[in-house]
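Those protein sequences? They're chains A and B, same order as listed.
Under the working numbering, read the first sequence as residues 860 to 1089, first letter to last.
Under the working numbering, read the second sequence as residues -5 to 323, first letter to last.
Do not rely on the hints blindly, as some may be mistaken.
Claimed, not checked - Each computed DSS-like pair below joins lysine-lysine, with the alpha-carbon atoms no more than 30 Å apart:
#, chain 1, residue 1, chain 2, residue 2
1, B, Lys114, B, Lys137
2, B, Lys8, B, Lys308
3, B, Lys133, B, Lys180
4, B, Lys1, B, Lys44
5, A, Lys887, B, Lys161
6, B, Lys137, B, Lys83
7, B, Lys308, B, Lys273
8, B, Lys162, A, Lys887
9, B, Lys83, B, Lys44
10, B, Lys180, B, Lys161
11, B, Lys273, B, Lys1
12, B, Lys83, B, Lys133
13, A, Lys925, B, Lys180
14, A, Lys887, B, Lys44
15, B, Lys180, B, Lys149
16, A, Lys878, B, Lys8
17, B, Lys18, A, Lys878
18, B, Lys44, B, Lys18
As the list claims (entries may be wrong) - For the chain B half of the interface with chain A, some residues (derived, Cβ under 8 Å), not all of them:
#, residue
19, Thr4
20, Glu75
21, Gln96
22, Pro188
23, Ala192
24, Gln195
25, Glu204
26, Leu223
27, Lys308
28, Val311
Claimed, not checked - From the derived model, a few chain B residues whose C-beta atoms are all more than 10 Å from chain A:
#, residue
29, Glu19
30, Lys83
31, Gln199
Since the hints were made in silico from the structure, they are not lab data.
Bear in mind that the values here come from a model prediction, so they are computed numbers and not experimental data.
By construction, the Cβ of each residue, glycine as well, lies at the ideal position given by its N, Cα and C atoms.
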Amino acid sequence: MSAEPATSSRSWTVKVREKGVEALPPEKLLPDGQPTYVASWIYVFGVASIASLIVIIGSGCILALKGPAWWHETGVGHFFNSIHLWSVELFFFAMVVHLWGKYWMAAWRGGRGRVWVTGAITFLVAVPCALTGYVSQQNFDAQWISTQAKDALNSVGVGAFFNLTNFGQMYSYHILLLPVAVVLLVSLHVLLVRRNGVVPPFELDEKLTAIRAASPDPQDSAPGSSERQS
Amino acid sequence: MSFLRPKDDTQPWKGRYAPYDLVKELCIAVGVITLLAVLLAVLLSSPDDKPSTIAQWSRELPADFATTAATELDETSGTAEYGPPYNHKSGSVQHFLFLHPQRWLGVSHPINTADDYVIKPLETIPNDVALTSALAEYKAAPKMQKKEWSEAYAKPLGEYATAVEEKKTPPSTVSVDQSTGAVTVKASGAGPVPVMMASLQGLAQSGGLEGGLLSSSQFFQTDYTKPLLFMADGGLLEERAEQQHLLGDQWGLMNETGSYPGQPWLWLYALWYQIEPIKSSPNGDIQVLLIMGLLSLAFICIPFIPGINILPRKIPVYRLIWREHYRSE
């Protein structure tokens, strides 16, 4: 009897593993080298966004463990709420700078369209994630923001199933449903970055002219169709 | 279609690689962000202005509370006339061309302001013979009679509120005792309504109305839709919001109490509310939401939008970003 189980080509587990390793071999998933052009402060804001998200989740978990009233009643609770608030501000700041940076790099080039799309959707999902936090605060801000913002959501029918004045519903969205969506999107975004690599710099015009002159059939492909960085 | 598929000269990188420690970088970033967040928390804290309560509202602004309660009873308040998702009226129903999503989604959180804000809370008050009799008289009356009574009561209060707002001498039909918070309305033809409303004011000032307005009849409560909408119909929240620069024309959507940054990422959303014709349109909210929906879709699709997707090549910010790389070439 063999010590190792026999692998079957019909095994779903084997298929998933093989697909996963093929798409993201370990050295791509956790690389120990970066192209030399990755040398600008703008690259810091991507990892700063993820780091801020980690601090948001960490401080949010502490607030969730103690319950929604804790931060109103104790100095320690208020301190953790402050960390939560400022990490959210840092998260959005880092994410906006990261997005602008990626726009000016045209970071969707070379088959990286999905990297941009997942990043943009993450930003858009993070907005209601923050809004539900503001209306779950159980203070005057929550009262005012929920009663004012409800009209916009009601006008498009969203208020029927996303009721800003329902604390229980908003708290569930804020601490579970929307954060899970953000984390899943960020994970997908990072995996796509690791798979496709960081977008290379634009070739300078003079170099491009030389490349085209040397090639009788220059590459003229759409985003998503060019060969990926290995 | 070369118009939709711009030329992509991006070549896979075949140049040099530099040593890189991804895990170390992430750990350092988490450390730095934690330190920054702690520093900001220590230096700047976070806002936590206490919520307003109905008891506080009925004591501090008794005439405003009485006026609002009267409009809830005669069903002329903002909530009473709102429409979906609260009722079948049309006061705040918006549409855009053939799009009527607010109507399509229907009434999901039903609120009958006369019953929910006045009658039912009053029914919880025990051992008050005068109130019991007034309530019985009111409930037994035909709909038209109820309307006449409640309008007769609300009219002097409305005149009082207008006079206060315009800083004129208030009419003598309404007197407010600021020390006790009692509001006396001389309203002929109001039937049992003055007795009912005096009891409601007393219930509110004692703090008993807050619980009575919660949506569920269960012991545990999490839905504050009814008390919040009741308070929003009055003037207390708006008065506090104006002091804290939170009104719509103060870009309040993205602000929060105190001098905190609030939600600056909503700046584009707030911007549309400052611009005519959206600013004064009765359908302003749906217009803004549709504009933002379209812009969000465009934002997601930037790589595929002709013109927008080639701007980074035309405007050479990239030369700044990759200046080290170009210098070393």
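Quick rundown of the hints versus the structure:
no.: 1; hint: B:Lys114 with B:Lys137; result: 17 Å, holds
no.: 2; hint: B:Lys8 with B:Lys308; result: 25 Å, holds
no.: 3; hint: B:Lys133 with B:Lys180; result: 22 Å, holds
no.: 4; hint: B:Lys1 with B:Lys44; result: 57 Å, violated
no.: 5; hint: A:Lys887 with B:Lys161; result: 72 Å, violated
no.: 6; hint: B:Lys137 with B:Lys83; result: 17 Å, holds
no.: 7; hint: B:Lys308 with B:Lys273; result: 36 Å, violated
no.: 8; hint: B:Lys162 with A:Lys887; result: 75 Å, violated
no.: 9; hint: B:Lys83 with B:Lys44; result: 33 Å, violated
no.: 10; hint: B:Lys180 with B:Lys161; result: 21 Å, holds
no.: 11; hint: B:Lys273 with B:Lys1; result: 42 Å, violated
no.: 12; hint: B:Lys83 with B:Lys133; result: 22 Å, holds
no.: 13; hint: A:Lys925 with B:Lys180; result: 52 Å, violated
no.: 14; hint: A:Lys887 with B:Lys44; result: 51 Å, violated
no.: 15; hint: B:Lys180 with B:Lys149; result: 10 Å, holds
no.: 16; hint: A:Lys878 with B:Lys8; result: 25 Å, holds
no.: 17; hint: B:Lys18 with A:Lys878; result: 28 Å, holds
no.: 18; hint: B:Lys44 with B:Lys18; result: 42 Å, violated
no.: 19; hint: Thr4; result: 3 Å, holds
no.: 20; hint: Glu75; result: 13 Å, violated
no.: 21; hint: Gln96; result: 5 Å, holds
no.: 22; hint: Pro188; result: 29 Å, violated
no.: 23; hint: Ala192; result: 27 Å, violated
no.: 24; hint: Gln195; result: 21 Å, violated
no.: 25; hint: Glu204; result: 13 Å, violated
no.: 26; hint: Leu223; result: 7 Å, holds
no.: 27; hint: Lys308; result: 10 Å, violated
no.: 28; hint: Val311; result: 4 Å, holds
no.: 29; hint: Glu19; result: 6 Å, violated
no.: 30; hint: Lys83; result: 13 Å, holds
no.: 31; hint: Gln199; result: 19 Å, holds
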